[in-house]
Amino acid sequence: QQQVKQSPQSLIVQKGGISIINCAYENTAFDYFPWYQQFPGKGPALLIAIRPDVSEKKEGRFTISFNKSAKQFSLHIMDSQPGDSATYFCAAILETSGSRLTFGEGTQLTVNP
Amino acid sequence: GAVVSQHPSWVICKSGTSVKIECRSLDFQATTMFWYRQFPKQSLMLMATSNEGSKATYEQGVEKDKFLINHASLTLSTLTVTSAHPEDSSFYICSAWDYNTGELFFGEGSRLTVL
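In the order they appear, the protein sequences are chains A and B.
Quick note: the first sequence uses the numbering used here, first residue 344, plus one each step.
Quick note: the second sequence uses the numbering used here, first residue 30, plus one each step.
Please note that a few of the clues may not be correct.
In silico DSS-like cross-links for lysine-lysine, where the CA-CA straight-line distance does not exceed 27 angstroms [to be verified]:
| no. | chain 1 | residue 1 | chain 2 | residue 2 |
| --- | --- | --- | --- | --- |
| 1 | B | Lys70 | B | Lys95 |
| 2 | A | Lys358 | B | Lys70 |
| 3 | A | Lys411 | A | Lys358 |
| 4 | A | Lys414 | B | Lys70 |
| 5 | A | Lys385 | A | Lys400 |
| 6 | A | Lys348 | B | Lys70 |
| 7 | A | Lys400 | A | Lys411 |
| 8 | B | Lys43 | B | Lys70 |
| 9 | B | Lys84 | B | Lys49 |
| 10 | A | Lys414 | A | Lys401 |
| 11 | B | Lys49 | A | Lys385 |
| 12 | A | Lys411 | A | Lys348 |
| 13 | A | Lys385 | A | Lys411 |
| 14 | A | Lys400 | A | Lys414 |
| 15 | A | Lys348 | A | Lys385 |
| 16 | A | Lys385 | B | Lys43 |
| 17 | B | Lys93 | A | Lys385 |
| 18 | B | Lys49 | B | Lys70 |
| 19 | B | Lys49 | B | Lys95 |
| 20 | B | Lys95 | B | Lys43 |
| 21 | B | Lys93 | B | Lys49 |
| 22 | B | Lys95 | A | Lys400 |
| 23 | B | Lys70 | A | Lys385 |
| 24 | A | Lys358 | A | Lys400 |
Please keep in mind that the hints were generated in silico from the structure rather than gathered at the bench.
Extracted from the complex, chain A is given alone in its bound form:
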């Protein structure tokens, strides 16, 4: 079954802290793992993505860590800011299946000033 499990459901972090969101997947055939950020009333926006042949990818304050053997990947937000407060979704794609996204359940991040 193509599922992506995401945790925690909600996360509260102080300004300047590190936010960590975890995802686990089941289908080893997934070949692309993006993270999306969604603000209330808006569509998701791509934050950062990784392919399974890479163990880590960093873009600014955002880092994806990927553990292929454990079938897990995580998003780390360094120096978290109040403006980062949003809902974050991990996802997995099997590009050969028509590139359909399987989303995680979402994590509501609140960064306190």
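With the hints as your guide, set chain B onto chain A.
For chain B alone, kept in the frame of chain A given last:
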């Protein structure tokens, strides 16, 4: 950069009427678009895959006669909610692949409220 535009961003309609939502790719041609539905504080649920020039592929449990999808051009897909009822009230979001760049772009979403 590439943008996916949805219209309208919000719509209120009476029960029993039909509502059409448009999804346009502004800077690229999209042979494949996706339609999602999102309830408050929940994840996005894929409703259907819209393929230009052919019938949409619906996910299990999604009524194809209720949610009509048309992808008549390489830049436009429409979702029509027919005979809408209050339980159809939701946030509908489309997305489209830019195969040239390998990026998936989402629209801003359309909030439907059925009275």
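Hint consistency between Lys385 (chain A) and Lys400 (chain A) [alpha-carbon to alpha-carbon, up to 27 angstroms]
holds (26 angstroms)
Can you confirm whether the C-alpha distance between Lys414 (chain A) and Lys401 (chain A) stays at or below 27 angstroms?
Judged against 27 angstroms, a Cα distance of about 19 angstroms means the pair holds.
Does Lys411 (chain A) lie within 27 angstroms of Lys400 (chain A) when you go C-alpha to C-alpha?
holds (14 angstroms)
Can you confirm whether the C-alpha distance between Lys70 (chain B) and Lys385 (chain A) stays at or below 27 angstroms?
Since the Cα atoms of Lys70 (chain B) and Lys385 (chain A) sit roughly 13 angstroms apart, the hinted pair holds (cutoff 27 angstroms).
Hinted pair, alpha-carbon criterion (27 angstroms max): Lys414 (chain A), Lys70 (chain B). Please report holds or violated.
Given pair Lys414 (chain A), Lys70 (chain B) holds - Cα atoms ~26 angstroms apart, limit 27 angstroms.
Tell me if the straight-line CA distance from Lys385 (chain A) to Lys411 (chain A) falls inside 27 angstroms.
violated (32 angstroms)
Would you check the hint for Lys348 (chain A) and Lys70 (chain B), treating anything up to 27 angstroms between C-alpha atoms as holding?
holds (16 angstroms)
Hinted pair, alpha-carbon criterion (27 angstroms max): Lys95 (chain B), Lys43 (chain B). Please report holds or violated.
holds (16 angstroms)
Straight-line alpha-carbon gap Lys358 (chain A) to Lys70 (chain B), limit 27 angstroms:
Status holds; Cα separation ~23 angstroms.
Between Lys95 (chain B) and Lys400 (chain A), does the CA-CA distance stay at or below 27 angstroms?
violated (42 angstroms)
Against the 27 angstroms threshold, does the CA-CA distance of Lys70 (chain B) and Lys95 (chain B) hold or violate the hint?
At roughly 24 angstroms apart (the allowed maximum being 27 angstroms), Lys95 (chain B) and Lys70 (chain B) satisfy the hint.
Given the hint that Lys348 (chain A) pairs with Lys385 (chain A), does the C-alpha gap stay at or below 27 angstroms?
holds (23 angstroms)
The structure is inconsistent with the numbered hints 3, 13 and 22, although it conforms to all the rest.
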